Structures are given as C-alpha cells and as structure tokens.
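Enquirer: Keeping their order, the protein sequence lines are chains A and B.
Here my numbering = 1-based position in the first sequence + 560.
Here my numbering = 1-based position in the second sequence + 275.
None of these hints come from the bench; they were simulated from the model.
Honestly, I wouldn't trust all of these hints.
What the hints assert, rightly or not - Here's a subset of chain A near chain B, in silico, CB distances under 7 Å, partners left out:
id: 1; residue: 884
id: 2; residue: 893
id: 3; residue: 928
id: 4; residue: 932
As the structure is a prediction and not an experimental result, all values here were calculated from the model.
The beta carbon of each residue, even a glycine, is placed where N, CA and C say it ideally should be.
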Amino acid sequence: MIVELGHFALILALLLAMVQASVPLLGAARRKAGWMTLGQSTAVAQFVLVSLAFAALINAYVTSDFSVANVAENSHSTKPLLYKITGVWGNHEGSMMLWVFILSLFGAAVAWFGDNLPPTLRARVLAVQGMIGTGFLLFILLTSDPFHRLVPAPLDGRGLNPVLQDPGLAFHPPFLYLGYVGFSVAFSFAVAALIEGRVDAAWARWVRPWTLAAWCALTVGIAMGSWWAYYTLGWGGWWFWDPVENASFMPWLVGTALLHSAIVVEKRDALKSWTILLAIVTFSLSLVGTFLVRSGVLTSVHAFAVDPARGTFILLLLLVAIGGSLALYAARAPRLKSGGIFAPISREGALVLNNLLLCTGCATVFLGTLYPLFSDAVGGPKLSVGFPFFNRTFVPLMVPVLIAVAIGPLLAWKRGDLAAALQRLWLALAGTVAAVLIGFYVTGGGPVLAVLGLGLAAWVLLAAAVEWAERIRLLRAPWRESWRRARSLPRAAHGMTLAHMGLAITVAGIAASAWQQERIEVVAPGGTLAIAGYVLHLDGMTKLPGADFTADRASITVTRGGETVTVMHPEKRFFPLQQMATAMTAIHTNLLADLYVALGDSDGKGGWTVRAYWKPLVPWIWIGAVAMAAGGLVSLSDRRWRIGVAARARAPRGARPAE
Amino acid sequence: MKRALYLLPVALFLVLAGYFAVALRPGRDPSLLPSALIDKPAPDFALAGLDGTPGLSLASLKGQVAVVNFFASWCVPCRAEEPLLLRLAEQEHVPLYGIAYKDKPADAQRYLAQLGDPYRRIGVDESGRTGIDFGVYGVPETYIIDQAGHIRFRYVGPLTAETLERELLPRVKALGAS
C-alpha cells in the first residue's frame, strides 16, 4: 500500500512539475503576479511529493518488502540497517530517485531563499527547474520504475554487491548528486537570464552561492569516491581515469571555471556571455555523465545495469535540455551587453587564463573518455586511451594553472602589474626554491617531476599565505591591527585562501606518491615483513563471523626501532550469498604518511600473502580536498550573499576592500 | 561572423549527440566490438618477456587455440577479471597468454605477483604498438587466435563469469575440436 502511495506521489509530482514548467514562464512573459508565484508553491509541493515517494521506497527497503522488484534485486533481509537504507541508491532506479529528490530539494530551496530575486527572474528560474524535473520524472516513471511489483514475491532478495557495503560509498552518491544536481540551479539561472535578456552583477551574486554550494558538495563527493577506492581496492590506488570518475571530474573542472568567471561578472560586469555558457556547460556535463553511466555506451567497472531504452530516453533529454539551452544561447547571447574592459595582465586576465586552462583540461578528459566511442562510430582505427593519455595531456595543463593561481589574487582588477605582484611573492618564490632544493637533497635527486610537483605545491601554498598575510598586514602592523583587519576581511577572501591552500595540499599529496614503497610477501604467523623502517609482525589469524560474511582477520603488530607503534587488523571477507571475497585494508596514518596493509590469499600451508605499502603524504590528497570544500563553505557564509543583496547591489558601493 | 561563434556550442553539441545516437544503435554491445580482423590473420608481433622469461610472438602461438589477454597494471577492470583468468588457466586448462599493454615491466611484474599469474607466457608491449595493430580499444581485451593464427573472437572489457561460460569457453572448445 505504501509502495503504491509512493508511486502515486511520484506521478502527482510529475503533473506539478509540468505546471511549474509552464505557468510561471507564461506569467513572467505577461507580468501576471499570481501565475508567477505559482512556481514557488509547485516547487515546494513537488519537493514534498518526491520526498514522500522516496520515503516510501526507503521504507520498502527497511522492511525488506521483496514484492518490490527493485528491493528484491538489490537488498537482502540479513543486511545491516545502514546498508538497507544506503542500498536504495546503490542501483539505477533508486539512484534516479535520489537524483530527483535532490533536484526537488534545490527547486524548493530557490522558492524559499529566493525572496530577494526579482519576481520574473525567480518565476523563470523555477520554470526551468520544473522542466528538468519533468524530464527526469518522466524518465523514472517510463523507463526505470522503482515501485514495480513482483508476483509472486521472492522469499529473499539477491543482496547488495559486497563492495558497495561500505560507509564511504554509502554517502558518496548523495554528495556527488548534490553537486551534479546543484549545478542545475546555475543552469536554470543562466537560461532564465537568457530568456530575460539581462545579465548583471546582481545576477552573478545570486548565481554564485548556488554554484559554490554545488561545487563544495561535488568536491567532497569526488574525494569520498577516491578515498573509498583507496582503502577498499587493496593496492592503494586512488584515481583511475575511469569513465565514471571522469564523468564526475568534468563538471567539477568546468564548475571551478564557472565559480571564477562569475566573480568577474560580479565585480567587473565583464565575461557575461562566457559565464552563461559555462553555467550551461557545467550542468550539461553532469547530464552527459548521467547518460554515459547509464546508457552502456562505454564500458566501466562502475556502470549501472545497461538498458538501451534508457539510453535513448536520456539522449532525447540531452537533446532538449542541452540542445535547447545552447540554441537559446546562440539566439540571445550576442545581445548581452559586455561591460568592463581589461588589460591582459589583470585579475580578470588571470581568471580568463584559469578558465581557458580548466576548460582545455576538461576537453582533454572529455576526449580521452569518449575517444573509443568516437572512433568506433566512424569505424576508424581503434586507438586506446588510458592512464598514459591522461597523464601526458591533463597533467601538463594543470602546471600553468598552479603557477597562475598563486599570482592571480595579487593582481589588481582592470590593469595589473605582474612585476610588482612577483615582487610581493619573493618570499613564496624563495620558499619554493628552498623546498625544491631540500626535496632534491632528501630524495637524492629522486624523480625530478615529483620534486617539481612538490615545488609547485609549495608555491601555491606560500603564495596564498603571503597574499592573506599582506591583506591583514601580518607582522607589518601591530597584532591588534592585523586581528582587526582579519575580522573585517570578507569571509569570501578567507575562503579563497583556504581553498587555494587546499589545492596546494592535494597537489603535494599527489606528487609525493612517487616515493611510495611496497612489499608483498607470504608471511606465516610469527613471521615478519619490513618496510620503510617499520617491522610488521604477523601475530596470528582468527576466523570471525560477520553479519552476512565470514572474515579471516590478521593481527599485525607494527614496531619501529623496537617500539610498538600500533596493532593492525586487515581482513579478508567472504560473502557466501554472492560468492565474492573482499579485502578490508588496515591503514595506520600519522598524517604525514600512511602505512597500508592488505591481506591477500592464504598459501594453504598457513602462510598469508601480506601486501604492505608505505605512502608518504597520501592523506594530504583528501585533506586538501576537504580544505577546498571548507574554503567554499567559508566563502558561502559571507554575509553579502544573504542580506539585502539586491538592494545593496543597486546602492553605491563606497569603499570596499578589493578582493 | 561573431554570430557564427555563438552558434558553435550548439553545433558541437549536435555533432556529439549524433555520435551518441550511433553508439546507442540497437544490437551494439560495447563489449562485443566487431573487430575488422575477425577471421583474418592476427597481426604479427614478437615481444620481449618479463625479466628474463621468454617473450611472446605470433609464431610461437601457432598450432593451438590460444587465448590472448591484453592487460595492464594501471587498469582496474583487469584486476576484476584476474580471478576468472586464473580459473580459465588452472581449471579449464586453456592456453592463456598475456600482453602487458603500455606498462612498465617492473609494474606488470609486481601486479602479477600480487594477484597471481595466469599466463603461460607474457609479452611486454610497452610502446602499445602491438595493441594498435590489434585495434585494442582499452584494456582489458581478450582475443581467441586459432591454430592457423587467425583471430576468431574479440572481447572488450573485463570478462564476467557469464561471458566466460557462454562466449569464450564454447568457442575455444569448438575451435579446438575442429
């Protein structure tokens, strides 16, 4: 009964989405206030209905209602409660439900927090959100119904893939979708602005916080996915350039470009049509990613079950959403008046460079991901693309980004002085040179590129610190004065410093992976294995029963110089239901390096393959990502996003600190 | 002129959508890519082995139905299919040969030490040249080469237990019987 109510709520949500997609748009064209405000109530009602439907599906999972096909295929009565719930989005139908749930959440949020928007803009934004909602609700109801019943109901379910039964993966999709779907708001704002024919600084101020929120969520989502891969796959890799990973990375790259170009629109009233294009492209890439993952046109380890009918439907959706918005762009964008002009060497110039490089980087990832598909379609030679391609094309493109990210914030708007900026960075430059020299000395001239990578990280980190210190006149003015300046500095400026430092930390973590060590040996209980100054003693093995698996658990005492550092417990788990084995790695970190131990197979004579890795700075990859997201959140808490934005935008600005 | 520039994004997208439509055409399974080389002689190759072991050449494969698997240590799906390859070699006794594609010999060696080595012999295709000759689309990729050195089957992507049972093994057995 609850299941049917959920289904019914979803159909009702579709009808409301159709109303939301049309009436407010007409209302905005004809200036009918009542029609326009209908967008708000439908958006909120849609959110309520989709929440009900989503709750009904979660309820079916929690109560193990195997008469629902989706539950029977993806759940099992013995699963722990947490994985019963998170298993909802571990499959195609359920993840689409999560998708529309988050979409309706954003729609309702625009309705709630959009009080300071001009009524016509708000109506149009909500209408575009309604169109996206209509498309995806139709997609779910017509091709991917999660409420389909099975008669007769099976006794038990097939269970969730054991690899997916992991807390890291449980919360990875919601963050990822918050990011993907969050960019729909920027998209809706862009399309609404094109319909309206007006883009100004105020528009950029409304768009920026939404983009920033989506970007933060996506950053966390991607980092979680990579961290999950790191600790579950059992050999310590954390990024594979897999099509599905690329599908999340591409919107992140263009979304990053969008964040930065929106600053130029806001501060300098320039780059308008470019920013609009980026907003459209960012969300379009999210949509294309959805298409690639679910249509089966590319092979990937992460891909969902493949169904060509779904692929065709999503392709139609892409044609309407992306084709339609880009056609509108072609028609309307030439009429957007461009504002401030600027010299190539200026803050704007640096941001344009950042945009170009990020977009080119995204284009290489796009080509690399889709190349097999392109060449197959034209029957051409099948060149292959993998790790080597991305490392040779994408990585070099990011080097100038990192060099510029340090200099950009020190350039003035309109016309900057590169020499002066570099002069102010002398300390950072000196620190970088020192870091590189120390790097070469310590590693004995070790991998040159990795040392230079560390140098780049030092450069970005120090430059961000110098820029921040200059702003608050640290050490140049009395402490009290610096403190006062730090407090009056806009949160957005602190956020930028934090995010750029986060980037530097991530880069350092990536560069340092060149120095990892690994030892793989068969060790019998009582035996030892030595790595990077640590000695691992295999004390013994125990068999443990788990909820729906059995585990072989090792107890390994780690010593360094005779002193016990820690005791690690890597496991090998066997899931009888799926006849699958997974490895639970044990990681000991001191934040400077990880000691990573995974258990391989037993040799049948009492010995076990033990794989031990020492990975310097690897935790920094995720610490940096968290710092980037935190920087975004700090910036998001800036009061100018919240209070009387529209009023203040029209009021004379007066003296404001440059940022 | 300037107007045309604004039309560029939508034009590019339409081209892309055309490719997507082609990719979706019915009957296309991305794993069962028709190879231009099916039933044709396999491209000739002679590759060095891993660290002192004898290498792999086309000539050395002749006279038996061989399964050739392209793999790489940097490839995640390869790790996924590795247990199946071990089964293929140890339980089904299929002559399985590996080509380490665009991989450093040391990395490939470490990879096999970690996961187990199912291959009778291995060739190292560090430059990817042999892969290009075969039309390798992405690793892993698996080929059946018959007694006369003709390619008879190609599978793109990680093998699954199902494809192993339904596609690969019956073909190997049929070719071996003829």
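Enquirer: Run every hint past the structure and note whether it holds.
Expert: Status of each hint after checking the structure:
1. 884: 9 Å, violated
2. 893: 5 Å, holds
3. 928: Violated. Min distance 11 Å.
4. 932: Status holds, d = 5 Å.
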